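2 protein chains.
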Amino acid sequence: VEDAKTAVGVIRYGRDDVVAVLDARTAGRTAGDVIGVGGEIPIVANLEEALPHRPDTLLIGIAPRGGGLPPAWRDVIGRAIGRGLDIVNGLHHELAEDPEFAVPARRAGIAIWDVRRPPDDLRIATAAPHRAGSRTVLTVGSDCNIGKMTAALELQAEAGRRGLSSTFVATGQTGIMIWGEGVPVDRVISDFVAGTIEAPVLAACDRQDWVFVEGQGALFHPAYSGVTLGLLHGVAPDLLVLCHQPTRRRVRGYDLPLPSLSACVAAYEAAAAWRHPAPVVGVALNTYDLAEAEARRAVARAAEETGLPATDPVRFGAGVLLDALGRAGER
Amino acid sequence: VEDAKTAVGVIRYGRDDVVAVLDARTAGRTAGDVIGVGGEIPIVANLEEALPHRPDTLLIGIAPRGGGLPPAWRDVIGRAIGRGLDIVNGLHHELAEDPEFAVPARRAGIAIWDVRRPPDDLRIATAAPHRAGSRTVLTVGSDCNIGKMTAALELQAEAGRRGLSSTFVATGQTGIMIWGEGVPVDRVISDFVAGTIEAPVLAACDRQDWVFVEGQGALFHPAYSGVTLGLLHGVAPDLLVLCHQPTRRRVRGYDLPLPSLSACVAAYEAAAAWRHPAPVVGVALNTYDLAEAEARRAVARAAEETGLPATDPVRFGAGVLLDALGRAGER
Chain P
141 VEDAKTAVGV IRYGRDDVVA VLDARTAGRT AGDVIGVGGE IPIVANLEEA
191 LPHRPDTLLI GIAPRGGGLP PAWRDVIGRA IGRGLDIVNG LHHELAEDPE
241 FAVPARRAGI AIWDVRRPPD DLRIATAAPH RAGSRTVLTV GSDCNIGKMT
291 AALELQAEAG RRGLSSTFVA TGQTGIMIWG EGVPVDRVIS DFVAGTIEAP
341 VLAACDRQDW VFVEGQGALF HPAYSGVTLG LLHGVAPDLL VLCHQPTRRR
391 VRGYDLPLPS LSACVAAYEA AAAWRHPAPV VGVALNTYDL AEAEARRAVA
441 RAAEETGLPA TDPVRFGAGV LLDALGRAGE R
Chain W
141 VEDAKTAVGV IRYGRDDVVA VLDARTAGRT AGDVIGVGGE IPIVANLEEA
191 LPHRPDTLLI GIAPRGGGLP PAWRDVIGRA IGRGLDIVNG LHHELAEDPE
241 FAVPARRAGI AIWDVRRPPD DLRIATAAPH RAGSRTVLTV GSDCNIGKMT
291 AALELQAEAG RRGLSSTFVA TGQTGIMIWG EGVPVDRVIS DFVAGTIEAP
341 VLAACDRQDW VFVEGQGALF HPAYSGVTLG LLHGVAPDLL VLCHQPTRRR
391 VRGYDLPLPS LSACVAAYEA AAAWRHPAPV VGVALNTYDL AEAEARRAVA
441 RAAEETGLPA TDPVRFGAGV LLDALGRAGE R
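Chains as they are written, first to last, in our numbering: chain P, 141 to 471; chain W, 141 to 471.
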């Protein structure tokens, strides 16, 4: 499941139906069985087995290190274009710029959406203030791939249920696929990261009272910390929600220990204050790999360690986090 | 002078002679008179007035916000190519990719070096340890354009005078122009900043005992802090030198106050420790805009505030900083 972030996100939160999942290793089983969401959606071994389920789009949700296109996928994409499927691509490698795909796609009249393609207008952050009365919330994390997008989407959904004026701002490929727009900050030239996310956040604050922004990476991550800080300072949030997975002990993919939750709180509050002070007001845990009793104990421990409200927003709802944001936002 | 960073750097530290400076506003005067370095090098109003001084290269050292090519410069560059001059370009805009210049340059057999062109191989940081016994020093700053490159180059020069095994790693356009190679980290896609600078630093540590890396931006900068943290974590320095300009009160170009020197020390040490602990061991001041007595007072105040050795490495030499690094490096 840890490696199926995009599939889980798109099945759980996407606007379009998923008719089949392509994965040779688990073919024959169902999405609900293998990744815990999607119920009876079949997992198939290859494109041809997916066709009877009448897909209109091939969504490339793999996330290999570095974001390149694995050679084996060239063939699958070519065949999908040949079958008239649109392509939604989350890799760094832009398929619309790749003649092997761009030429037949144009000829067949199908669309290629490279969701990680950065905006054409590169902006330098202005440090302009947000509309008074708006509240920008950024989800931050102890590591990558730990639940920041999910926490922000659950907050947005809960705010919607409560009838609040609110929106979500996507900053990564899965969030953009789900929401239909956003800024792939990890794909932006480093000088422009803060400026490129600042613009849509300012616009969202003009229109909505609550703006939930998907965080990226972690301040402690040896490869991606720069993305995290650029995003934190470009978003200039008023309030932070800290995301963590209780069973995660080391930085994903590295032999480095994760800091404690209280060290995370201190680091994010210090780094935010370099630009605009923002307290961490709650903890969102990702307990998908724990039994329910264990998950409840993990939530209680996180609340005790940080002195903050904690929950797993998927499992137990985002209500307590939104309550805490509301109280903090009134101050 | 504040806006002539590249001219000052290339004239002071570059390997090639500068025969004339192109600047319409100050034409007729000398470089020594206007920017404080370069003695009798003439400042001329246009390319044609420079030609009698027999240049073989046009170096574009302007640094407009955003790094685009000002339209007025298209004409100058075209004429320079027509006169057979090679082009060295520090802008984000890549001239070798611009048909208006690439085609005539190829025809005329002249070279275009876009120093900010990022490396083609994009790397994710590995967090590999440096060679034991090597010492990596990163210059960090309270703001942009405050003396980080200069401090690192002065440390490298002083290490050379002492016969130490040492090298310099350039990370910005001026440093790359001076040193002939380097990584333009502000031009690298944000996901790859740490990994792209990690590789040359690891290689330098394998060959040299002291590696002086040019810092970029500042943790407090609303637009560029992400570059700063990505660089800090990719370089994973053992020791830091803090750079500051005593007369700078606000973030350059923004209505935001600069933090105190002791707040800078605390922030950089905290942020370094998220990846690899590194103390700030000295302060390098840029006192070009102070009289000598004032400069000495500023140095004394910085030493008192931080409890660290301080100097202006250009004005008073980098000796005390290298002494402090040597003592800290032995621990």
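Because the hints were derived from the structure by calculation, they are not lab data. Where hints are given, some of them may not hold.
[Said to hold, decoys possible] Computed footprint of chain W on chain P; a stretch qualifies when at least three of its residues, placed anywhere within it, have a C-beta under 8 Å from a C-beta of chain W:
| # | region |
| --- | --- |
| 1 | 190 to 198 |
| 2 | 202 to 213 |
| 3 | 333 to 343 |
| 4 | 362 to 368 |
| 5 | 408 to 421 |
Fair warning: this is a prediction, and the values are worked out from it, not measured in the lab. Built from N, CA and C at the ideal position, the CB exists for glycine as well.
For each hint, the structure was consulted:
1. 190 to 198: As far as the region 190 to 198 of chain P goes, the hint is violated, because 0 residues have Cβ atoms under 8 Å from chain W.
2. 202 to 213: Answer holds; 3 residues pass the 8 Å Cβ test.
3. 333 to 343: Result for this restraint: holds, n = 3.
4. 362 to 368: Holds: 7 residues of the region 362 to 368 of chain P have a Cβ under 8 Å from chain W.
5. 408 to 421: The restraint on the region 408 to 421 of chain P holds, since 4 of its residues have a Cβ under 8 Å from chain W and three suffice.
Hint check: a violation occurs at hint 1 only; the rest are consistent with the structure.
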